[in-house]
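Trainee: If you're matching them up, the sequences are chains A and B in order.
The numbering of the first sequence is the working numbering, which starts it at 2 and goes up by one.
The numbering of the second sequence is the working numbering, which starts it at 2 and goes up by one.
Wrong hints could be hidden among the right ones.
Note that identical chains are pooled: a pair holds if it fits in a single copy or bridges any two copies.
Stated by the list, open to error - Straight-line distance between alpha carbons at most 25 angstroms, and here's what the computed PhoX-like set of lysine-lysine pairs gives:
#: 1; residue 1: 109; residue 2: 81
#: 2; residue 1: 174; residue 2: 155
#: 3; residue 1: 181; residue 2: 108
#: 4; residue 1: 174; residue 2: 4
#: 5; residue 1: 174; residue 2: 60
#: 6; residue 1: 74; residue 2: 174
#: 7; residue 1: 155; residue 2: 87
#: 8; residue 1: 108; residue 2: 174
#: 9; residue 1: 4; residue 2: 155
#: 10; residue 1: 60; residue 2: 4
#: 11; residue 1: 172; residue 2: 109
It is worth saying that the hints were derived from the structure and are not from the lab.
Here the structure is a predicted model, which is why all the values come from computation and not from measurement.
2 protein chains.
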Amino acid sequence: MPKLLDLATRRASIRAFSRDPIHLADVIYAIRVAHEAPSGANRQPWRFLIVTDDHVKSKIRHVCELAEREFHKIAPSWFKNWLRDKGISWRKPFLTDAPVLVLIFFKKDEPYASESTWLAIGYLILALEERGLASLTYTPSRSEDVNEVLNVPKAYCLAAIIPIGHPLCRKAKEPRTPLKRLCFLNTWGNPLTESEEGEVKLSG
Amino acid sequence: MPKLLDLATRRASIRAFSRDPIHLADVIYAIRVAHEAPSGANRQPWRFLIVTDDHVKSKIRHVCELAEREFHKIAPSWFKNWLRDKGISWRKPFLTDAPVLVLIFFKKDEPYASESTWLAIGYLILALEERGLASLTYTPSRSEDVNEVLNVPKAYCLAAIIPIGHPLCRKAKEPRTPLKRLCFLNTWGNPLTESEEGEVKLSG
């Protein structure tokens with residue numbers, strides 16, 4: 002397996018999926034990895050709903066697109082511009098094109114339920130990348146609609162839908178801000194400088 | 002590097018750290034991995050404050066323990082029992098014993114700022130494990146006190162403090178619920194069964 006930095010750097014969010022089938026065992030492998038994540042008081046608040054059925058996918062896509070149409074009307078203008086630049090509309094074809102969806106819920110009344118579950122999603126998408134599978138973390142604008150259409154108990158909140166499959170075409174990764182602008186040493190705003198050998202120095 | 006499942010399974014939350022120094026380059030490696038995580042609208046809402054200075058660590062420990070003392074009085078009884086069973090008190094020696102702390106903040110006004118940052122914390126702690134470093138995800142009861150004592154702008158919220166180092170003694174990993182109770186196929190509550198060869202079957 003490559004180094005984690007290579008895996009993490011290689012992974013890009015994919016929004017256009019081919020309909021080629023994938024091995025469900027790879028998806029379950031990634032869920033197994035996610036289930037090893039730490040959680041508040043070890044309550045393991047996550048639940049995974051794997052969706053392979055086309056009829057179920059269509060129902061999910063339908064309620065998500067209804068909410069997205071509304072959201073795209075009211076989004077802040079900077080966000081609308083970003084969405085337009087990226088070619089992202091209210092249409093969510095990945096919800097029916099991707100061969101597998103994994104819906105990740107958390108039990109609302111557990112301590113740090115959302116935080117723990119998002120941490121586990123980090124594990125999950127790295128494990129998918131390890132298995133050569135593309136993914137996206139998509140959170141519907143009105144997640145409670147998804148609960149309703151799928152008869153998921155109200156005690157659980159949908160954190161994200163992860164479409165999984167092979168990309169329709171290769172996509173460049175979104176650029177990252179230089180780390181020195183986001184990473185400080187001992188005092189807020191104090192950048193760290195690093196030599197090419199990885200040695201860290203205080204700057205200034 | 003081992004498979005991600007091995008890394009994730011091996012990693013256990015550590016609360017007692019030796020004072021042995023570690024290589025800061027390994028910590029920066031893990032932050033670099035975290036910075037490759039996806040984020041809402043690619044806004045990279047995370048900020049990393051690496052703390053190696055003993056005086057800064059003491060200040061952090063002091064404000065955290067003040068708040069923890071209060072929290073341990075008012076916590077729900079099941080949680081108090083869990084804390085007692087685990088030997089967890091309001092005392093947080095790991096905040097001064099661990100050779101390095103990484104404080105992870107997120108910019109509050111970015112979309113999905115907390116969610117994206119916790120996902121990135123998943124990347125971070127796996128990368129620390131890859132480098133043979135132990136860690137804990139600790140969120141103070143009153144994180145705003147930490148902002149204040151460290152002069153961190155109010156626009157940023159502290160997600161977690163990650164003490165990093167070598168464990169004082171080996172610790173068994175917390176047990177996991179069998180996956181089949183948390184993972185469903187196509188319909189909520191419909192367990193999936195998996196043969197030993199990793200082949201997935203619908204049960205029932």
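Trainee: Could you run down the list of hints and mark each one as holding or not?
Mentor: The hints, checked one at a time:
1. In this homomeric assembly, residue 109 and residue 81 come within 25 angstroms of each other (Cα to Cα) only across copies, at 19 angstroms, whereas the closest approach inside a single copy is 30 angstroms.
2. Taking the shortest Cα distances, residue 174 and residue 155 never come within 25 angstroms of each other, neither inside one copy (36 angstroms) nor across copies (31 angstroms).
3. In this assembly of identical chains, the alpha carbons of residue 181 and residue 108 lie at most 25 angstroms apart only when taken from different copies (16 angstroms versus 37 angstroms within one copy).
4. Within a single copy, residue 174 and residue 4 get their C-alpha atoms as close as 18 angstroms, and across copies as close as 24 angstroms, so both meet the 25 angstroms cut-off.
5. Neither within a single protomer nor between protomers do residue 174 and residue 60 lie at most 25 angstroms apart by alpha-carbon distance, with minima of 30 angstroms and 39 angstroms respectively.
6. Within a single copy, residue 74 and residue 174 get their C-alpha atoms no closer than 27 angstroms, and across copies no closer than 47 angstroms, so neither meets the 25 angstroms cut-off.
7. Taking the shortest alpha-carbon separations for residue 155 and residue 87, neither the intra-copy value of 34 angstroms nor the inter-copy value of 31 angstroms comes in at or below 25 angstroms.
8. Within a single copy, residue 108 and residue 174 get their C-alpha atoms only as close as 32 angstroms, which misses the 25 angstroms cut-off; across copies the closest is 22 angstroms, which meets it.
9. Taking CA atoms no more than 25 angstroms apart as the test, residue 4 paired with residue 155 passes in neither setting, with 40 angstroms inside one copy and 36 angstroms between copies.
10. For the homomeric pair residue 60 and residue 4, neither the shortest alpha-carbon distance inside one copy (39 angstroms) nor that between copies (36 angstroms) is at most 25 angstroms.
11. Taking the shortest alpha-carbon separations for residue 172 and residue 109, neither the intra-copy value of 35 angstroms nor the inter-copy value of 29 angstroms comes in at or below 25 angstroms.
In terms of the numbered hints stated before, the structure departs from hints 2, 5, 6, 7, 9, 10 and 11, listed from lowest to highest.
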